[in-house]
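Protein chains in written order, with this note's numbering: chain A, 1 to 210; chain B, 1001 to 1210.
For the record, the hints were derived by calculation from the structure and aren't laboratory data.
Remember, predicted model here, so these are calculated numbers, not experimental data.
C-beta atoms are modelled at their ideal positions from N, C-alpha and C, and glycine is treated no differently.
Certain hints may be false.
[To be verified] Below, in silico cross-link-like pairs of lysine to aspartate or glutamate (EDC-like), each with a Cα-Cα straight-line distance of 16 Å or less: (1) B:K1082 to A:D127; (2) B:K1082 to A:E55; (3) A:K70 to A:E83; (4) A:K70 to B:E1046; (5) A:K134 to B:D1127; (6) B:K1049 to A:D127; (7) B:K1062 to A:D93; (8) B:K1061 to A:E55; (9) B:K1070 to A:D93; (10) A:K82 to B:D1072; (11) B:K1134 to A:E83; (12) A:K62 to B:D1093; (13) A:K82 to B:D1093; (14) A:K49 to B:D1127.
[Stated by the list, open to error] Restraint-style ranges between C-beta atoms, simulated for each label pair: (15) B:H1124 to A:S90: 19 to 29 Å; (16) B:P1074 to A:V80: 17 to 27 Å; (17) A:Y190 to B:E1185: 48 to 58 Å; (18) B:P1074 to A:N114: 44 to 54 Å; (19) A:T115 to B:P1117: 54 to 64 Å; (20) A:E209 to B:P1074: 21 to 31 Å; (21) B:H1168 to A:Q123: 47 to 57 Å; (22) B:G1170 to A:Y190: 35 to 45 Å; (23) A:A165 to B:Q1166: 19 to 29 Å; (24) A:S90 to B:P1074: 22 to 32 Å.
Number of protein chains: 2
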Amino acid sequence: MKINYPDGRIFNSPSKPSSKVSTNTTAKKKLIFGDRGMTLEEEINESNKYYRSHEVAVIYKKPTPIQIVKVDYPKRSRAVIKEAYFRQASTTDYNGVYNGYYVDFEAKETKNKNTFPLKNFHQHQIDHLRMCQKQGGICFVIIKYVTLKRYFVMPADNLFHHWDAQNHEGAKSIQLQDIINCSIEIKANYDPTLPYIDAVQQLIESGKEK
Amino acid sequence: MKINYPDGRIFNSPSKPSSKVSTNTTAKKKLIFGDRGMTLEEEINESNKYYRSHEVAVIYKKPTPIQIVKVDYPKRSRAVIKEAYFRQASTTDYNGVYNGYYVDFEAKETKNKNTFPLKNFHQHQIDHLRMCQKQGGICFVIIKYVTLKRYFVMPADNLFHHWDAQNHEGAKSIQLQDIINCSIEIKANYDPTLPYIDAVQQLIESGKEK
């Protein structure tokens, strides 16, 4: 089920149950991999499950903030929320810990084949990433070009650069070539679905070199 | 105040929490402070706001996870959730970043004057804290004795110790004296309401000494 948020975000409820596949079925899964058609959110959630179960990292998507107005408490049954509204999040969607490092990121996908529109981001997400980076967190964005099937881990600094430029008559979007130049490309895989922690490790190492 | 850890570590908690209160309003604020009657959650949320605005730390309470079943999209009006249910959280309530460290904790209050019942915790919270600690996170619990107006930052290790003991015929609750012995006591204040980051700094320093 897809839910269209008032602010234009699209929320995918878990359409597919998370799969813990035994090795017997791996080959089959690999065959159909290209057709799984998961959203970026689903791919990251699956990867996070893999990273947790393998004790690589503990990273979760935050629940969507909801303003609850009315709740019913039926007898002998669990509480039912009868009226509630979506609220604007104050933070990014994902955070957690990897090998002693605080990790914070946002995930965005586009069907475009070249430009990535900056309107995909909100001011509060930029502000939050800036604050976390100041505190020593590893901050970035995962960008998925759905049509091209390409995935990029772009360090937050590069996002800030483009975000600030648009306020000074810079472009309102980022060109694919710019993203290629300033990001770490990751390839979709099976276990984990999206090995973005490899890119996080590279970001940490490149930060140490500075 | 000196704190004796069960494992033999000793450290000194700050005699006074760090406060940034303008001198003019201090007297008045202190007068009304005792009557504010905030819940522990409200006190922590206020403290987190203070820490963010003063660039000390970026820590948030996670939204309550909700399973959305039915949403209406009225014309010219925002989406209304018409049927939804509370879901069990997989994690603790609070996490974020402080000075390069990943911070993760749960907050619990009791009206008891002595024992703190372990049934206040859930297995998934213990599991999550253990996983975060393994990844190098700073993990703890903030315990509020509502009637006594006392607040403790108890390192997760001590919680694990008591939690595991109850499965081997240990007590189902923790005595106040045990909490005093193994925790850092913090005093409610005005700005921030609950200066728990002072205790986090001590936990980090005591970890380095090991």
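Against the structure, the hints:
A C-alpha spacing of about 32 Å is found between K1082 of chain B and D127 of chain A, which places the hinted pair above 16 Å, so the restraint is violated. Of the pairs offered as hints, the one joining K1082 of chain B and E55 of chain A is violated, with about 38 Å between alpha carbons and a cut-off of 16 Å exceeded. Restraint check: the Cα-Cα separation between K70 of chain A and E83 of chain A comes to about 5 Å, which is no more than 16 Å; the hinted pair holds. For the hint pairing K70 of chain A with E1046 of chain B, the CA-to-CA distance comes to about 25 Å; that exceeds 16 Å, so the pair is violated.
A hinted pair counts as satisfied when its Cα atoms are at most 16 Å apart, and K134 of chain A with D1127 of chain B does not qualify at roughly 29 Å. For the hint linking K1049 of chain B to D127 of chain A, the alpha-carbon distance of about 14 Å falls within 16 Å, and the restraint holds. Our distance criterion of 16 Å between C-alpha atoms is met by K1062 of chain B and D93 of chain A, whose separation comes to about 10 Å. Under the criterion of a C-alpha separation no larger than 16 Å, the hint pairing K1061 of chain B with E55 of chain A is inconsistent with the structure, at around 24 Å.
Under the criterion of a C-alpha separation no larger than 16 Å, the hint pairing K1070 of chain B with D93 of chain A is inconsistent with the structure, at around 22 Å. Of the supplied pair hints, the one linking K82 of chain A and D1072 of chain B holds, its CA atoms being roughly 11 Å apart against a limit of 16 Å. Proximity of K1134 of chain B to E83 of chain A is assessed by CA-CA distance (about 40 Å); at most 16 Å being required, the pair is judged violated. Restraint check for K62 of chain A and D1093 of chain B: the C-alpha separation of about 11 Å stays at or below 16 Å, so the hint holds.
Restraint check for K82 of chain A and D1093 of chain B: not satisfied, since their Cα atoms lie roughly 24 Å apart, outside the 16 Å limit. Restraint check for K49 of chain A and D1127 of chain B: satisfied, since their Cα atoms lie roughly 14 Å apart, inside the 16 Å limit. In this structure, H1124 of chain B and S90 of chain A meet the distance hint of 19 to 29 Å, their C-beta atoms being roughly 24 Å apart. Evaluation of the 17 to 27 Å hint for P1074 of chain B and V80 of chain A yields a pass: the beta carbon distance comes to about 20 Å.
A hinted range of 48 to 58 Å for the beta carbons of Y190 of chain A and E1185 of chain B is consistent with their spacing of about 50 Å. Evaluation of the 44 to 54 Å hint for P1074 of chain B and N114 of chain A yields a failure: the beta carbon distance comes to about 37 Å. Between T115 of chain A and P1117 of chain B the beta carbons are some 57 Å apart, a value that agrees with the proposed interval 54 to 64 Å. A C-beta distance of roughly 54 Å is found between E209 of chain A and P1074 of chain B, which places it outside the suggested range of 21 to 31 Å.
Judged by the Cβ atoms, the range 47 to 57 Å given for H1168 of chain B and Q123 of chain A holds: they are separated by roughly 53 Å. Roughly 43 Å separates the CB atoms of G1170 of chain B and Y190 of chain A, a value that falls within the hinted 35 to 45 Å. Range check, A165 of chain A to Q1166 of chain B: about 57 Å between beta-carbon atoms, so the 19 to 29 Å window is missed. Under the hint 22 to 32 Å, the C-beta atoms of S90 of chain A and P1074 of chain B, about 26 Å apart, fit the expected range.
Of the numbered hints given earlier, the model fails hints 1, 2, 4, 5, 8, 9, 11, 13, 18, 20 and 23; all others are met.
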